[in-house]
Amino acid sequence: MEYEAVIGMEVHVELNTKSKVFCGCSTNFHAPPNTNVCPVCLGMPGVLPVLNKAAVETSIAVGLALNCSISRWSKMDRKNYFYPDLAKNYQISQYDLPLCYDGFVEIETDNGPKRIGVTRAHLEEDTARNVHTIGSSESGVDFNRSGVPLLEIVTEPDIGSGQEAYEYLTGLKQTLQYLGASDCNMEEGSLRAEANISVRPTGSKEFGTKTEVKNVASFSGTQKAIAYEIERQIAVLKEGGVIVQETRGWDDRKNATVSQRSKESAHDYRYFPEPDLPPLQVDEAWEQSIRESLPELPHDRKQRFQEQYGLTPYDAGVLTAARPIADYYEAVLTAGGEAKPAANWVMGDLQALLTEARTEIQDCRVAPEHLAGMLQLIADGSISGKMAKEVLEEMFATGKSAKQLVEEKGLAQISDTAELESIALKVIEENPGPVADYKNGKDRALKFLMGQIMKATKGQGNPKLVNEILVRELNKH
Amino acid sequence: MARVTRQEVERIADLAQLTLDEALIEQLQAEMTEILTYVDKLNELDTSGVEPAMHALEHTNVFREDTVLPSLDREQALDNAPSSDDEYFLVPRILDSE
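Here the protein sequences line up with chains A and B, keeping their order.
Heads up: the first sequence is residues 19 to 495, going by my numbering.
Heads up: the second sequence is residues 12 to 109, going by my numbering.
Here chain A stands alone, though its shape is the one from the complex (with noise of 0.2 Å):
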């Protein structure tokens, strides 16, 4: 029997609001413990949380840039249960009504565009971070984290495989960047995706029992973990076996997912309304200004550079595939720069020093205008690629600009069609060996032959100038 994968993804991102979503403290990652802590997020009696307006337009941006409809009504809910690292014994989510609903995220497959549906994108706040000393008897509590604006994001059961997780998750963190609603930096736990992953017998409408993966640091992991986990999911049914419903978590070493020792008692978060929060409005009017601030999206933006700079799907993709990387070509073009050359600088050598660098774009030092005032001096013959490589590794060491590099070592292509008609005499006189070969159509001989003019203006001769005067003072010999 053949079987199939039926995959939904949660994911939830902390977005970068300044200070946390219903109390004024900071959101800042890096502060030591508990102290970004005040009585709302410690859950200390009598204090009432009030909304955050930022963490509200964020999620809703989101929302809008995932095509889902936005809900005119919606509210937060408590959702009640005992852990350590919720000091209330509820967290303020977002139930019945979320915030956005219903839309969808295109990713490219095989066979190719897919749709993957999202369910619903709700507000909620992040708990507090559980730290376990090996051989303790304690654990300590953090409560930085308590009170981080959250956003929850649940997919459809439309995701078939492994590699269409990855690309799920690959598309919605860059369309998060784009709006810069998140850093979306897994290793700090801004970004949490889980999936649920089933499978069932190839075209069966019931779905089969379904397993929880969570935990894992990275997207590529989690292509990994799904992988695994359908296949280890099949391997149970066909030996006649039942998938048992469990969290599962991914261990690195052994390339597998592991189950996760938890107490399932079956949950029941009984929500009720937030009465401590008054329902939340979002009229027609709201809903268009942040339409209208949002930026262009990653998709739109690789499709324009494909209309308007020619590029290739590829190339387009890999340009827009960051906003910073993508910002930063547009800006070479607006100061001049052509757009193929540009291009392939951008992904090319300039990715490659950056790769080596470990440096972002927008930290890198060779201003936009700079590397556009380099393609300049391709574009005119002062420098061949050969020394532009050269010079753009001393613009991202120094941040100087090519020109004044070029000037300072002395770099610049001879284009003196005097000066090198004079060079290319001397190597004839002194070579009559190879130039007679030459003459007897041996194309060797004029290799020979550039190669000499070429050393004797110590590689700056403009190669295709030099070519051409030495086939015609070899032609008037």
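Worth flagging that the hints you see were computed from the coordinates, not collected in a lab.
Take every hint as true, because none was put in to throw you off.
With a straight-line cut-off of 16 Å between C-alpha atoms, the simulated EDC-like cross-links for lysine to aspartate or glutamate are:
#	chain 1	residue 1	chain 2	residue 2
1	A	Lys228	A	Glu249
2	A	Lys476	A	Asp434
3	A	Lys71	B	Glu76
4	A	Lys97	A	Asp286
5	A	Lys36	B	Glu76
6	A	Lys36	B	Asp77
7	A	Lys494	A	Glu439
8	A	Lys71	B	Asp77
9	A	Lys228	A	Glu264
Example chain A residues on the side facing chain B (calculated, C-beta under 10 Å, incomplete):
#	residue
10	Lys36
11	Cys41
12	Ala49
13	Pro50
14	Cys59
15	Lys71
16	Ala72
17	Ala73
18	Glu156
19	Ser157
20	Gly158
21	Val159
22	Pro291
23	Gln299
What you are looking at is a predicted structure, and each value in this text was computed from that prediction instead of being measured.
Beta carbons: idealized from backbone N, C-alpha and C, even for Gly.
Following the hints, position chain B against chain A.
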């Protein structure tokens, strides 16, 4: 209103992490039944055509601006904790991995 069952009281106690003795279970069965019977009176009203109330107050959209305000000193924050070290609130070791 039917009498609240023993199982219902036990389940609610379990969710609230309370341990009840026999006498208290019976007492709560009676009290909860009484409360529900009282609230049940509302069902006598015809509310078809009445929109559900989302909140007791008529306010909507009460917001604060995204401004960082001073937090407590850590010493103050940890002051009332039953157990703490210099940095963290301390709780009995959590066996479940997070």
